[in-house]
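Residue numbers (this note's numbering), protein chains in the order written: chain A, 2 to 360; chain B, 2 to 360.
These are calculated hints, taken from the structure and not from any lab test. Nothing false has been slipped in among the hints.
All copies of an identical chain are treated as equivalent in the list; a pair is satisfied when it fits inside any one copy or across any two copies.
In silico DSS-like cross-links for lysine-lysine, where the CA-CA straight-line distance does not exceed 27 Å:
id	residue 1	residue 2
1	K278	K268
2	K150	K269
3	K169	K212
4	K278	K265
5	K278	K150
6	K320	K330
7	K95	K206
8	K330	K53
9	K109	K95
10	K63	K53
11	K206	K169
12	K109	K188
13	K97	K206
14	K150	K265
15	K97	K63
16	K268	K150
17	K63	K109
18	K150	K270
19	K188	K320
Now for the letters of each chain:
Protein chains: 2
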Amino acid sequence: MKIIVDGMGGDNAPQEIVRGAAMAAHELAQLDPEITVGIIGPQELMLNCLRKENWDCSSAEKISDDVFRYGNIDIINATEVITNDEAPAMAVRKKKDSTIVKAMSLLKSGDADAFISAGSTGALLAGGLVTLGRIKGIRRPAIAAWFPKMHTGGTTLLLDCGANVEAKPEYIFQNGIMGAMYVEGVKGIDRPEVRLLNIGAEDSKGDELHKEAHRLLAGSNINFGGNIEGRDVATTDCEVVITDGFSGNIFLKGSEGVALAIMKQFKKKLREGLLAKMGAMMAYSKISELKEMFDYSDSGGAPILGLKGAVLKIHGNSKAIEVYYGVMKAIPYIRNNVTQMIADAVTQNSELFKTGDEE
Amino acid sequence: MKIIVDGMGGDNAPQEIVRGAAMAAHELAQLDPEITVGIIGPQELMLNCLRKENWDCSSAEKISDDVFRYGNIDIINATEVITNDEAPAMAVRKKKDSTIVKAMSLLKSGDADAFISAGSTGALLAGGLVTLGRIKGIRRPAIAAWFPKMHTGGTTLLLDCGANVEAKPEYIFQNGIMGAMYVEGVKGIDRPEVRLLNIGAEDSKGDELHKEAHRLLAGSNINFGGNIEGRDVATTDCEVVITDGFSGNIFLKGSEGVALAIMKQFKKKLREGLLAKMGAMMAYSKISELKEMFDYSDSGGAPILGLKGAVLKIHGNSKAIEVYYGVMKAIPYIRNNVTQMIADAVTQNSELFKTGDEE
Chain A
2 MKIIVDGMGG DNAPQEIVRG AAMAAHELAQ LDPEITVGII GPQELMLNCL RKENWDCSSA
62 EKISDDVFRY GNIDIINATE VITNDEAPAM AVRKKKDSTI VKAMSLLKSG DADAFISAGS
122 TGALLAGGLV TLGRIKGIRR PAIAAWFPKM HTGGTTLLLD CGANVEAKPE YIFQNGIMGA
182 MYVEGVKGID RPEVRLLNIG AEDSKGDELH KEAHRLLAGS NINFGGNIEG RDVATTDCEV
242 VITDGFSGNI FLKGSEGVAL AIMKQFKKKL REGLLAKMGA MMAYSKISEL KEMFDYSDSG
302 GAPILGLKGA VLKIHGNSKA IEVYYGVMKA IPYIRNNVTQ MIADAVTQNS ELFKTGDEE
Chain B
2 MKIIVDGMGG DNAPQEIVRG AAMAAHELAQ LDPEITVGII GPQELMLNCL RKENWDCSSA
62 EKISDDVFRY GNIDIINATE VITNDEAPAM AVRKKKDSTI VKAMSLLKSG DADAFISAGS
122 TGALLAGGLV TLGRIKGIRR PAIAAWFPKM HTGGTTLLLD CGANVEAKPE YIFQNGIMGA
182 MYVEGVKGID RPEVRLLNIG AEDSKGDELH KEAHRLLAGS NINFGGNIEG RDVATTDCEV
242 VITDGFSGNI FLKGSEGVAL AIMKQFKKKL REGLLAKMGA MMAYSKISEL KEMFDYSDSG
302 GAPILGLKGA VLKIHGNSKA IEVYYGVMKA IPYIRNNVTQ MIADAVTQNS ELFKTGDEE
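The following block holds chain A by itself, in its conformation from the complex:
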């Protein structure tokens, strides 16, 4: 098994990324010597970063012209980088030797099993579509994100968070299939409950898009729990909440914005006046627990589901710890072959809607 990390993706690349990859490789050397961690980027730069982490780089095993192995870390040479400022579709066509495009090629050829990047989401999506391709039967990939269960701890998978803004009922329905299979595969929850984000809880609510998606979901073999309103997502017991990419994005970012604004005000208020300051100090450990609720660093990142391979986007400001968890959480994704689970589930439910307009 080989898990590749994008050495050039995100605000803290390359050193923090390489550090996280080395942390994971160090642990995996004990846990499972069959797993190799790949770091993709300009060879010399990657190697220098790796040396700074005190990784033994004294002897290299040449795997191919582009790949050199140091213990259980492979340095994979890729000379180009796609930045957040570039138009994704154009960039993935032009920069064939970029970390993202090259990693997608390695996934496609079977030379790698998962790719983790803190780089441009748009480029990951475009590179995934162009180079790696979709799972057979999947109309559109979707970006999934973990949303905190604020009443009990734990997380709910939310998708689509913005991969497809022009949605069709079939896309939303397939988000349900993909989300259910992913949670089943990585969390080991059998038949996780899926609900549809909508403007009302009753079956008849919503626009035509969501009404039709509801109909498809209700007729499928997934464990569909019906509609869920925006106000109930933060305290739901269900495992997967699905919607179209536009309202999913608005919901996710809106919630994040409100949570951040509240925490900021809260901090500010508790600094006003001696009594409040003392009170805050005394309540400090509890307040910290509250903050942990919004700490996503151990989530392992957001999978881009529907691609023919495991692609995980971690936050642009990820540090070593997020990279480490990204690698570790990719393992059950690969081991349980979630990609195949999705392909099988799509086939099982393919009778539900016409597949004539596949693009």
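Following the hints, put chain B in place on chain A, whose structure we already have.
For chain B alone, kept in the frame of chain A given last:
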């Protein structure tokens, strides 16, 4: 000027509603004797409630068969009530003597200037459309809500919050006009900044619906500040955020859900352990200030904009104080003739899009 309150709307009707109306009437008797507060509902019931508030009901002036005046309060007889469980469109057609339908008729005939209700939003919308009608040129009414500016205090107007789930670019554009005129009229802010809720800040972002709405807004005479992402709404300085009714509803309810869940967890955490409890007590006044940020009771309710009259929905669980503020905040709405301001602004911008498909 006559402002009618729905004596039968909401969870706390009729007594709390009548109490709020009486509070407002009591104050208005001093402030402006030209303003009458109407309470609509079953005559005897309303009168009994009013007596319980120690209102002088000893002598009544008969205004019409259905209306009796007690000081500056009119009791308007309406024998039926539309509940939240009823299908709105059907209910407003059948229950001609309901508080909602009758109040809309009074607005239409000019016998009342504003209507405030804690009753069914769907019935207010349906009753407004069927009985009162739309402002000439307005395609669809929209429900507006006040959203807290969490960094500075104050509020941003958000619309549409769910009146129209099948949106067209023109509807979103007109939400911009209506929101701007409402804020200008009731807050006295000249040319308030309007922004479009979208999945990215750049002009090119979004689905076709929002891209086209962006184009219309940019070409209009309103003060359009471009797109705004979900995460920035809670801390925006702009006055109006517009979107389609589906994503507006998802955004508003999602934000409310997250805010409530955080506050609940926060309370819970601060009750765990003696130290945290003592700390919380010491920080209590500051924590209360934080809670006030989410206290909408003085907002005066959510206007249903685009109807040919001032209709304000207050929360279903409104108590007397919300009713009182509903009445008081309706005054500038009427005085500054926001309905006419909207009509004029729509006419000014009518060249921007074809009006052929008006329904």
